[in-house]
Every structure is written in structure tokens, then in C-alpha cells.
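Trainee: Produce the entire structure from the sequences given, and follow the hints as far as they go.
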Amino acid sequence: MVSLVQRLKAQNPKIRIFGTFNVSALDYDFFRARADIDWSAFDGVYTSAALGTRMPHPLFLKTIFEDAAHGIDSYNAVFVGHDADDVVTARSFGMHGVLLQDFNKVRRELLNLVGDPVKRGWEYLRKNAGNLVSETDTGVSMMENFGQLLILEATEDRSLVSIQDPPRYWNFFQGKGILTHERLPDDLDTTSLGLIVTKPPKEHVNSLMDEMLEYLSDDGLPFTYFDRNLPRLDPVVSVNVLHLFYTHGRGSQLPGALAWVHNMLLNRAYLSGTRYYFAECFLYFTGRLLAASDDAYLHEQLEDLLRERLTELMGAPGDAIALAMRIVTCASLGISDDLDMRNLLPLQCEDGGWEIGWIYRYGISGMKVGSRGFTTTMAIKAIEALDDLKVRGANANGST
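In the working numbering, the protein residues as written are 447 to 846.
In short, the hints are calculated from the structure, not lab data. Keep in mind it's a predicted model, so treat the numbers as computed, not measured. Any given hint might turn out to be false.
Simulated crosslink set (DSSO-like; lysine-lysine; CA at most 27 angstroms straight-line) [claimed, not checked]: (1) 460 <-> 508; (2) 565 <-> 551; (3) 645 <-> 622; (4) 565 <-> 460; (5) 573 <-> 648; (6) 460 <-> 814; (7) 551 <-> 573; (8) 622 <-> 814; (9) 565 <-> 455; (10) 814 <-> 508; (11) 460 <-> 551; (12) 827 <-> 460; (13) 455 <-> 508; (14) 455 <-> 573; (15) 836 <-> 565; (16) 551 <-> 814; (17) 836 <-> 645.
Simulated DEER-style distance windows between Cβ atoms [what the hints assert, rightly or not]: (18) 511 <-> 708: 50 to 56 angstroms; (19) 547 <-> 577: 31 to 37 angstroms; (20) 679 <-> 519: 16 to 22 angstroms; (21) 529 <-> 628: 29 to 35 angstroms; (22) 553 <-> 462: 14 to 20 angstroms; (23) 548 <-> 780: 35 to 41 angstroms; (24) 838 <-> 522: 22 to 28 angstroms; (25) 695 <-> 462: 53 to 59 angstroms; (26) 540 <-> 621: 53 to 59 angstroms; (27) 548 <-> 465: 19 to 25 angstroms; (28) 737 <-> 548: 35 to 41 angstroms.
Idealized CB from N, CA, C, for every residue including glycine.
Mentor: In C-alpha cells, the structure reads:
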């Protein structure tokens, strides 16, 4: 534990660390004399013998907080202890309480609490630049275009990704299909994302949009693939194709797709996910669509519904990508999602990246695909978006 204390102070020299012990004066003197404990790691030590009271009695911590010599603010302090009663008492004063059961988990949580999560996240991304692969829940790694494009869009840093612009269409895979048909057709979903992110000449984009209009169902919904023999539909694909069309002022050409997205939100049809995507992905890409266009009818159809559905999910269980997507999308609508941020921050790993979150799944097998790289970029984006929202709110309040 002492070595962890030293590591925490090395990571953030501004923090102060105090020891609290239920111990007699005689035993404390014995421990202080031991050569194998580096007491210099602590900025101060409080004992039950010196204070005349023991943990978990509230008076123990109350006395510490009233000690003017150290000026400890309970709301900006962390308490780590083996005893659940002690942790509960600490939390009653507003401290962040950590129960010391699994040392590895505690170490990660403390490193996250005292470190700069954005800085550590960027260090992870740069260290793994060009190798931010996607992974399946069966342990297979792959380099695929959709995930690389998402990372590029979120970071605007091409050095982080491994990607090559195709002559015309984009394919989900880079090369042969993995754990599916070796040659999967090029798709409207990845192509729409690729055109948005890489911004090729407008003539090129318009010619592809013209072609996409030839791949619609009888309901006016975009098919997933540039292959009429595979008439697959997915609401998120519709959202992403709509994003492309609204970005280029052609959203009115896909009224059926917009109506479907509206009904998905209205009836909460996304809650169990879609054919290819998980629930929060639908909400995130819908928020991304709204941010791309100020079209009044588009916002009339989707914005209020999206706001309601996001509010319903705030604080619900979710992996790191689900939490980050909620926070980012909420912030884009002026909603401060502190509940999900409290759950997102502890999921940062010791290497600075976040735990993998599942983005999409194979249509038939349901095998999940995610990316620590994209999850980390989204977590960084979530932290920055929430911070920016709070700064704007503070500035607005200060000017009134």
C-alpha cells in the first residue's frame, strides 16, 4: 500500500496523503520504529490514541476535519479502508469512500481519481497509434474501416488510425471478411461515414448519394449493402445515411427513413438494440445527425423525443461506450449527465485506455464487436463535452 501511495504522489505531487489508525500509543511507537515502512510517504498520521476516539465513530473524522493545521476538505478527499463501517462513516462526511477488498481494483480507482483522465487517455491512444484494432467478444482482433473512421472523426488525428480512402465505395472490412463471407459487399453505412469524415470532392459525394437512392426499400429505407440480393435494413444505417444527405442539403429525399427513425424514438424500439447496433449507438448517431444540420423539420421530428429518451436512460447500467455515448449526446442537447460520468470514470484502465465497449454485432450470429480505441476516444470526448457544458452554464449564469 505504501508503494501505491508513493506512486499516487508521483503522478500528482499536489495531493496529500494521511494515515488513520486505530492503535494504542505503545503499538504506534513500535510501528514507527520499523525500518520496512516508509512513513515519509504520509503528510500526516492520526491515531485513535492521539484523538481519544476510534473509527468508525464520526468524532474521529470530525476531529480531523477541524484540525486547522492540515485543512482537509471532506468533499475533496478520498477515504480508503478495509472496514465497511469506516468507509460508510467517511461517506457520511461527503468523502469518496473506497473499500479495500481487491487491491488491483482499488489501485486502478485511486489512479483514476488523482490522475488526469483526458491526459492518460490521449497517452494510451498515442502509444497504440495505428494499432487501435477492433475486437470480438470471442477474442478475435480485426482492423476494420468503420471503427477507424469513428476514431478519426472523434479525434481528427489521422496518425492514430490505419485507413486508406477507397476509389469510390467503402467496405466495413479492410480486405477479406472476418468470421463471415470473405467478400462482403460494400455498404451504405460505412460509405456514408467515410464520406462525412474524409470529405472528398462534392461531385464525388453527390454521385454516390444519387446511387444510394437506387438502393431503397419500398418504404424508402436505405438498404445496408450496395447489393440488391441482400436487402438488409437497420435503423442506424438509416440514421447514418440521413446524416450524409442532410449534411449536403438533400435530407428531404429520404422522408421514409426520417419517419422510421422518428417512430423508433417514439416507441422506444431501439432498447434491445437493432440488427447491427446496440441501443446507445442508435441514440448517439441520432444526436450526431441533429448536430450536423439545422433543418427545422428534422429537429421538429427528432430533437424533443431524443431528449426524453436520453433522460430516461441516464444512470442505467451500461458499458463504457454506452455511458460515453449517453454523456456526449446529452451534452449536445444541453443536458448535463453527471450520473453516467460517475460510472464512466472508474472504467479507465491503468494503461490510460478505457475498457472495451460493444458498438455493433454480426447480424446472424450476434457476435459483438467493440474497440478500446474508440471507447477511449469517446470517453475523452464525454469528459470534455460535459466540462464545456458546465463552463458555458457558469458563464451564462455569471452574465445574468
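Trainee: Evaluate each hint against the coordinates.
Mentor: Status of each hint after checking the structure:
no. : hint                            : in the structure
1   : 460 <-> 508                     : holds (23 angstroms)
2   : 565 <-> 551                     : holds (21 angstroms)
3   : 645 <-> 622                     : holds (25 angstroms)
4   : 565 <-> 460                     : holds (17 angstroms)
5   : 573 <-> 648                     : violated (35 angstroms)
6   : 460 <-> 814                     : violated (42 angstroms)
7   : 551 <-> 573                     : holds (23 angstroms)
8   : 622 <-> 814                     : holds (18 angstroms)
9   : 565 <-> 455                     : holds (17 angstroms)
10  : 814 <-> 508                     : violated (50 angstroms)
11  : 460 <-> 551                     : holds (23 angstroms)
12  : 827 <-> 460                     : holds (26 angstroms)
13  : 455 <-> 508                     : holds (25 angstroms)
14  : 455 <-> 573                     : holds (23 angstroms)
15  : 836 <-> 565                     : holds (20 angstroms)
16  : 551 <-> 814                     : holds (25 angstroms)
17  : 836 <-> 645                     : violated (31 angstroms)
18  : 511 <-> 708: 50 to 56 angstroms : holds (53 angstroms)
19  : 547 <-> 577: 31 to 37 angstroms : holds (34 angstroms)
20  : 679 <-> 519: 16 to 22 angstroms : violated (55 angstroms)
21  : 529 <-> 628: 29 to 35 angstroms : violated (58 angstroms)
22  : 553 <-> 462: 14 to 20 angstroms : holds (19 angstroms)
23  : 548 <-> 780: 35 to 41 angstroms : holds (38 angstroms)
24  : 838 <-> 522: 22 to 28 angstroms : holds (24 angstroms)
25  : 695 <-> 462: 53 to 59 angstroms : holds (57 angstroms)
26  : 540 <-> 621: 53 to 59 angstroms : holds (54 angstroms)
27  : 548 <-> 465: 19 to 25 angstroms : holds (21 angstroms)
28  : 737 <-> 548: 35 to 41 angstroms : holds (40 angstroms)
Checked against the numbered hints given earlier, the structure breaks hints 5, 6, 10, 17, 20, 21 and satisfies all the rest.
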